[in-house]
Amino acid sequence: MNPNDTNAAAYPIGQHPSLPPPTTERGVLKWLKTNLFNTWYNSIATIIGLYFLYLIIPPTFDWVWGSATWEASSNKDCRAGEGGACWGFIKARFVLFMYGFYEAEALWRPNLAGILLVFLGVPVLVPKIPGTKLFAIFLIFLYPWIALSLLVGPIKIALFSDTTFLILWGILIVALLFYGVRGMQTNDLVKRGFGFGSAYAAVVLLFLNWGLGLPEVETTKFGGLLLTLVLALTSIVVSLPLGILLALGRRAESLPVVMYFCIGVIELFRAVPLITVLFMAINMIPLFLPQGYSFDNVVMALIGLIIFFGAYLAEVVRGGLQAIPKGQVEAAASIGLNYYKSMRLIVLPQALKIVIPGIVNTFIAMTKDTSLVMIIGLFDILMITKSSITDAEWLGLEWEGYAFVGLLFWILCFSMSRYSQWLERRLDTDRRD
Amino acid sequence: MINRLVGLWYDQNFRRLFLQVLAVLAFAYFGYFIFDNTSTNLERLNIQPGFQFMNEIAGFKPTTDGMNFTGFDVNKSTHKDVFIVGIFNTLLLAIVGIILATILGFVMGILRLSSNLIISFISSAYVEGMRNIPLLLWILIWYFGVILAGPNVRQSINLFDTIFVNKRYLAVPQPIYSDAIIYVCVGLFIALIATIFLKKWAKKRLEREGKDTPVFLASAFMFIFIPYTFLIISGNSITWEFPVLKGFNYINGIQLPANYVAMLMALVFYTGAYIAEVVRAGILSVTSGQIDAARSVGLREAQINRFVIIPQALRVIIPPLTSQYLNLTKNSSLAIAIGYTDLVNVFTGISLMQTGNALEIIMLTMAFYASVSILISIFMNWFNKHVAIVER
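Here the protein sequences line up with chains X and A, keeping their order. Counting in the working numbering, the first sequence runs from 1 upward without gaps. Counting in the working numbering, the second sequence runs from 1 upward without gaps.
Be aware that one or more of the hints could be misleading.
[To be verified] Under the rule of at most 30 Å between Cα atoms (straight-line distance), these lysine-lysine pairs were calculated in the DSBU-like manner: (1) A:Lys-385 <-> X:Lys-326; (2) A:Lys-167 <-> X:Lys-76; (3) X:Lys-326 <-> X:Lys-128; (4) X:Lys-221 <-> X:Lys-156; (5) X:Lys-76 <-> X:Lys-133.
[What the hints assert, rightly or not] Derived list of chain A stretches under chain X, where covered just means 3 residues or more per stretch with a C-beta under 8 Å from a C-beta of chain X: (6) 36-45; (7) 85-95; (8) 107-117; (9) 206-215; (10) 286-293; (11) 333-343.
The hints are simulated quantities; they were obtained by calculation from the structure and are not laboratory data. Think of the CB as a built atom: it goes at the ideal place given N, C-alpha and C, for glycine as much as any other residue.
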């Protein structure tokens, strides 16, 4: 007899308030019953699964936290400990892991570049913060050159040391700007684009020549997470436009030469492993250049990464382009848009929105695959780890190093994929619910 | 005059032609520029262009003694043989990897859909952990962290006296060539033909009488039974050479080196996670209406799986599965990081260093991977057509 039921007679018939469900049909018990023990085989699976987790999680937690050594000056301090992880190793090598061999007194430069990136990037990525467009313009048109000058220093162009040439260059910039302004007055897109575009390029060259007046840091000193991020961000930023161009080129049936060239590039680079492309970049680009000219290894690795992932992105973007009905292009043509405008205003915004998951997946692959540059001898974070754990002072600490690097990559890639899922939902304008 | 020129510029056909001629010219000039520089550079570096280097004696050992299947001889074999050894080792890794990764991926993909929260949590943790960490790091973890931390040769882990695992290699038995192998092959062939006929007959029977035949079970039985009968009738038996510990090493059998095992584990677990996602997406793509409909016509759970879910899911699964197989094959080239003797390591690495014929070697390597890609694509396209939906 339910205790609540004692005054059942106090209610008229049919007016009795609902009783709470039986204990097995509510709360934790109900949840357990439906989710873990609904059939006999599910119960067995649950028990095996729990035992498996019991085997893995407590020892891992103990290794990571419980019996870990947090302060150490060499692996001897850790051997004396309780047998847990030796995080003192990561602490002692932290600067190396983060910046590689970057000059110790110049570490503020990558730090500043990073802070600037976060400062400009967060408003672009989080739509709630106002001024997205302004920050995006800064991020795309100014930040790359500022970051380049911060990280590498000035990139000297021989001709700029000549004063006469410098004056001519200045006149050129003014002329181009004037041309652009004329184009703006007459609403001539080609004139405007050419004028301002070339003026921008000329000013950038001029800026890079002096940089920010900072001394040069050779790219061979780049390493660790810094190199990984530089490689990943640069190849992401450059290969997306390349991929879009290749995808558009592949569909340009009225220009067979361009179409077959794009098909050739895309299919070739998708058929071979990245490592052979990197080998090609490192071994063949020097052969292709005239004697006395050379790129440094970071630039050659970047060229390889960009072309390789450009081909992958091209296929992703092509998938989006194919999903746009022909009527969209025809409608754009009927209101008088030319090819460039119809692509920029009608087709690409829709196509790119569809393939956001694919694009972000490629970005994640790119971030992970920058680690391959260790095979061609660059000191990215994986190579730094690999060489740190063979250091006599820290011998036998593979798991600490790998766990740290793995966690870094995991955070980077996982947050990217979560962001893309959120973006997908936000841009889903077709949603009817 | 100028007006005519401007008019020409706004003529679509002329503009297209003009742009293309420009592209061809630019491309030709670029090609000439590269060709010219390359030939000057090669002359300067004193490298003979062409494929003559393939016939030179290599003078290094591109594989371990324990798995020298092509009979490589350091004193006689040339760079051509290095190329062949490299291809063989790459394929050995890729094929075994594809088989194991498929099994693991299907199991994990199905487990992730389980209604049991613990099981689906384990599967999701596996997938998210694998996919967000670079393969190269997994390779290093498996090699330096797991395999090299294994037991010494004399303390090998002994699995039924046939397989021995230690930190240096995985020793497995090797079949010895004899007449028995021919009998087994003939038996397998007969079983294959019988299976094809059985399948056709079963299909006819299903259409005519509506009766189901257990084709899979029957053919599995035939594949085991027929070769075995042949062996017994002919009085032969397959002899296996078992690994034996002698002194400080195992002799006989095949010794798969530690870096092969590490590569295999890393590739299988990494690709398995991607395949699990592919499988999950495939199964989820079968709408619940299909399952409701199947229940309403009275199919049992096993029949729903077999006739409704699997055929429809396979259609969605196969194209991305193909690209995962291709990825696994291409990713096997990371073996160079831990020194497994695959094609990129021995040919693009060591042979290139020795001869300096970068162009030819990289072209050959790329040609190999490209042809493997094409072959797998052709096969999977054929298979895809086989399972594709038949529309009116």
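Fill in: Hints violated by the structure (numbers, ascending)
3, 5, 7, 9, 10
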